[in-house]
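Residue numbers (the UniProt record's numbering): 1 to 169.
None of these hints come from the bench; they were simulated from the model. There could be a bad hint or two in this list.
Unchecked claim - With beta-carbon atoms standing in for the labels, derived distance ranges: (1) Arg-49 <-> Asp-139: 16 to 24 Å; (2) Asp-130 <-> Asp-44: 20 to 28 Å; (3) Ala-120 <-> Ser-158: 35 to 43 Å.
None of the values given here were measured: they were computed from a predicted structure. Note that CB positions come from ideal geometry on N, CA and C, so glycine has one too.
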Amino acid sequence: MASIRVVAATGRGPTHTAAFDDALAAVDAHDYNLIDLSSVVPPDATIERCERLPDLGPIGGGLCVVRASATVAPDADRPVGAAVGWDRTASGAGVFYEEEGPDPAAVERRVREGIAHARAIRPDRDWDGDPTVVTSRADPGSAVGAAVVLAAVGRAHSLLGRSPRAGDL
């Protein structure tokens, strides 16, 4: 059974990329190459909320993620938010939905609206109930800020020499 670990963080740095990297470092995701996935939860996966990721594989390995991230300049007049939410069916299958933007409350609302839409276009499924949403907020400050939420799927795999197999994830 594959594990999906959900982490959230903020970071700061002299550039948008540096702030993003700092947020990744805060949850131990900074040494992986992130591979963005579409937002479908496999039925046999477990989802757990973590403060930090465990060791998921080699430095430079490809780590599949559902990601939301936003950055804010020091002179901005409002914060930014990032959010990842999910809902599952009785079978365990489900959907992730991710959003980011300049209004953290609106970002969370859009995630919930997106999940409601995902459920509506899958009316034949037995949905469990209220979605879970994890958020991150970055305020303007002395340096560029970043808000990041990741749902890391499985383990990182080498990007050199072969494609990952299902058992690698």
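Verification of the supplied hints:
A hinted range of 16 to 24 Å holds for the C-beta pair Arg-49 and Asp-139, which are about 23 Å apart. For Asp-130 and Asp-44, the Cβ-Cβ distance of about 22 Å falls inside the hinted range of 20 to 28 Å, so the restraint holds. Taken as a hint, the range 35 to 43 Å holds for the pair Ala-120 and Ser-158, whose Cβ atoms sit roughly 40 Å apart.
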